[in-house]
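Visitor: So the chains spell out like this:
There are 2 protein chains.
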Amino acid sequence: MSVELLQSKAADFDAVDPLSSFRSRFQLPEGVIYFDGNSLGPMLKSMPERISKTLHDEWATGLIRSWNDADWINLPETVAAKIAPLIGAKPECVTVTDSTSVNIFKVLCAALVLNKGRKRIVSEKNNFPTDLYLVEGVRDFLQRGHEVCLVEDDLELFDSITHETAVVLLTHVDFRTGRMLDMEALTKHAHGHGALVIWDLAHSAGALPVHLDEVGADFAVGCGYKYLNGGPGAPSFVYVNEEHLGSAWQPLTGWFSHKTPFAFDHSYEPNQSIKQFLCGTPPVLSMVALDESLKLWRDVRIEDVRNKSLKLAEFFLECVSASGLDDEFSIATPLEHKDRGSQISLRFQGDGYAVMQALIARGVIGDFRDPDILRFGFAPLYNTFGEIFRAVQHLKEIIEIGEWQQARFMERKAVT
Amino acid sequence: MSVELLQSKAADFDAVDPLSSFRSRFQLPEGVIYFDGNSLGPMLKSMPERISKTLHDEWATGLIRSWNDADWINLPETVAAKIAPLIGAKPECVTVTDSTSVNIFKVLCAALVLNKGRKRIVSEKNNFPTDLYLVEGVRDFLQRGHEVCLVEDDLELFDSITHETAVVLLTHVDFRTGRMLDMEALTKHAHGHGALVIWDLAHSAGALPVHLDEVGADFAVGCGYKYLNGGPGAPSFVYVNEEHLGSAWQPLTGWFSHKTPFAFDHSYEPNQSIKQFLCGTPPVLSMVALDESLKLWRDVRIEDVRNKSLKLAEFFLECVSASGLDDEFSIATPLEHKDRGSQISLRFQGDGYAVMQALIARGVIGDFRDPDILRFGFAPLYNTFGEIFRAVQHLKEIIEIGEWQQARFMERKAVT
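Quick mapping for you: the protein sequence lines, in order, are chains D and A.
Read in my numbering, the first sequence has 64 at position 64, and its numbers run on one by one without any break.
Read in my numbering, the second sequence has 392 at position 392, and its numbers run on one by one without any break.
The set of hints was computed from the structure by calculation and includes no laboratory data.
Hints are supplied without guarantee of correctness; some may be wrong.
One copy or two, either will do: identical chains are not told apart, so a pair holds if it fits within one copy or between any two.
When the alpha-carbon atoms are kept at most 27 angstroms apart in a straight line, the in silico DSSO-like pairs for lysine-lysine are as follows [unchecked claim]:
1) K259 with K125
2) K188 with K45
3) K53 with K295
4) K188 with K259
5) K311 with K413
6) K311 with K53
7) K125 with K275
8) K9 with K338
9) K53 with K413
10) K45 with K125
11) K413 with K259
12) K396 with K45
13) K188 with K413
14) K119 with K9
15) K90 with K295
16) K413 with K275
17) K311 with K125
18) K259 with K295
19) K259 with K53
20) K119 with K45
21) K53 with K116
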């Protein structure tokens, strides 16, 4: 297909895009095509006013009274109620607190306590590193003979879950490749073997429909700063299945997890609700930013997001192929829709880091993951088909004229 | 002393106050006398511009690039370097991350791992509840026979620390009464018995000089949102003695605690620096707010803050006494300077909650702690002697005309 035809196809897709109106609600920089919303979502235009209100009216003027008067005390619930429908959960099963890493620790501990007769923890070798590090942390702290089984290949996952498995910790959509696991089948299989399942939804929440209650997931955690656009380091969410509320217990028993935090009792009484998964005082500014970003979802159906995401990705693949880049790049992301999230990852045989730096220099922002992966995350609320067309044109030019060679010897940045 | 004389004394003190210029750097609401900076410090006037820059230039425009270009990645160190001199610590022994509660958990675990041959944890029954709850949390999670010894009276503290004590967890300045412990003597005593010491500096940092390195404290944690004015739920700091860096290990082993987080290694390698006490991605907006608030301290000597704090408190006590309130209120705070922090707590036999509500209705904001304590925190960077005079006049009137009786039957607020 000719360049002109691809370009006009992009224009046609954009013209009939039912989500096209949402892009104008984001503050996107001029001259940038942003495919890194799976790492840090952009800012909503409404954000500065909301934060300014929190600073001036709530903090500066209300001072300590704002815990009541501005309802800061209920921010974990207020924010959670906006996330719950996106992950198929009852609001009372979700709260928002701490970082994803801290929350992984909590649910992992809770699962091991619930299933304390068993010693095996199953995860994937390619899981996001923080998940694996926390498994090691809990195991090494407890020193109770837990064994960590890291599966090298998705296909081995089912077989690795046995009647000895205490807990399975899986990331729904792989951060490198965008591969999506079958949440329903794996949860069912694990339950059939008496194992509990924790789902890390970092690359799922806000990108595609998730049905935690329906599949019977035991625990889940997720990220506020990727597809939920909550701002850098936005707080994370935790899900606990209704069935475990009141019986599940996590050891970060800070005062916000107490039955009556402001009674200042000497001894600990766990809150019987999802609040037992809170810990200390929440970072209000960051919580408010996440709350503001989530307002967008009142007007969006997650199914529409998923449909456009798949279409964007298909068009990206079509552009790559039509641009003759098939020889240079291989596709790391599964082709079947049911097997992938909202990104396309390309493997490059040469210096992939340099190629991504060359793209970024041209204003096309994705990111690079060792050893050879260029990631392009698609966020249907602001990405367009026209952007995809232009991004792949840039990529083609960079390869054709060897522009990436210039970036080969640059120092790697701290965060890649 | 007559009311007129007290008033003129206040004016005289304010006229010669070497810290008087700092008040104008805070955005304080009209008609409010704020003695609750020990619960939530007020906002600096420079804050909105700094946050606006972070929102517009760093998040919205820089997007993911700001982790490098705006140096978000180094915020824990940047902020810690500003806190270190206030607590008598080398910058490389301090980091800023998570909430105080989460950090208490970390240092408690680290101390128990370091001193693993011993089973006793010593603290005070009147310690801030979150500290006690976390001791229970760690003990119940480990199930390794740890025994918690909660001392009822400060005087018993020394005797309770024995050769069986693994760790002593103490809050330097008591949140209810403002009583300050002898950090040096207790640390020395504990070390003499082979115990490790954790100091909770929630009511010390920014209020008075602390000398962690000098006294040889093992660990410390503290709060960013009280006397450091970092904003509601600001991140907390952690101190680890140089001697333990590299050997101390905490189990919340999220990716930011890894030796090379962005190498995305499969297995955990602890960072050998203070960074091992980080966990997940930091909440950037809240970190930036704390960073901004700490800039003030470039121009302030903590010794001057302490001097004024004691003088404010003395004048408060003088006003209470001169106003004939001695019969109504007793002083819960130790009178000796070396034994108290930066607050005065009054006990009231009647409905203390109602008295505080009546004060707040008149614009004098302190807070109430069950069962009978009215807390007045003094922050020398913005509080004046004139405010103290006026606040006590209000208190006198409220008692004289029984104004507090009106507030007796009101519903207690969620946060008190």
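Visitor: Are the hints correct? Go through all of them and say.
Guide: For each hint, the structure was consulted:
1. K259 with K125: Between. Shortest inter-copy distance 19 angstroms satisfies the 27 angstroms Cα cut-off; intra-copy 38 angstroms does not.
2. K188 with K45: Answer is neither: 42 angstroms inside a copy and 55 angstroms across each miss the 27 angstroms cutoff.
3. K53 with K295: both (16 angstroms within a copy, 23 angstroms between copies)
4. K188 with K259: Result: close neither inside a copy nor across copies, 33 angstroms intra and 37 angstroms inter.
5. K311 with K413: neither (33 angstroms within a copy, 51 angstroms between copies)
6. K311 with K53: For K311 and K53, the Cα distance exceeds 27 angstroms both inside one copy (38 angstroms) and across copies (36 angstroms).
7. K125 with K275: Between copies only: 24 angstroms across chains, 32 angstroms inside a chain, cut-off 27 angstroms.
8. K9 with K338: within (25 angstroms within a copy, 77 angstroms between copies)
9. K53 with K413: between (35 angstroms within a copy, 23 angstroms between copies)
10. K45 with K125: neither (39 angstroms within a copy, 49 angstroms between copies)
11. K413 with K259: between (45 angstroms within a copy, 16 angstroms between copies)
12. K396 with K45: neither (33 angstroms within a copy, 50 angstroms between copies)
13. K188 with K413: neither (42 angstroms within a copy, 45 angstroms between copies)
14. K119 with K9: For K119 and K9, neither the intra-copy (54 angstroms) nor the inter-copy (70 angstroms) Cα distance is at most 27 angstroms.
15. K90 with K295: This pair counts as within: shortest intra-copy Cα distance 18 angstroms, inter-copy 43 angstroms.
16. K413 with K275: Answer is between: at 19 angstroms across copies they meet the 27 angstroms cutoff, but 39 angstroms inside does not.
17. K311 with K125: Neither way: K311 and K125 sit 30 angstroms apart in one copy and 61 angstroms across, limit 27 angstroms.
18. K259 with K295: Answer is neither: 29 angstroms inside a copy and 38 angstroms across each miss the 27 angstroms cutoff.
19. K259 with K53: For K259 and K53, the Cα distance exceeds 27 angstroms both inside one copy (31 angstroms) and across copies (39 angstroms).
20. K119 with K45: neither (49 angstroms within a copy, 54 angstroms between copies)
21. K53 with K116: neither (47 angstroms within a copy, 49 angstroms between copies)
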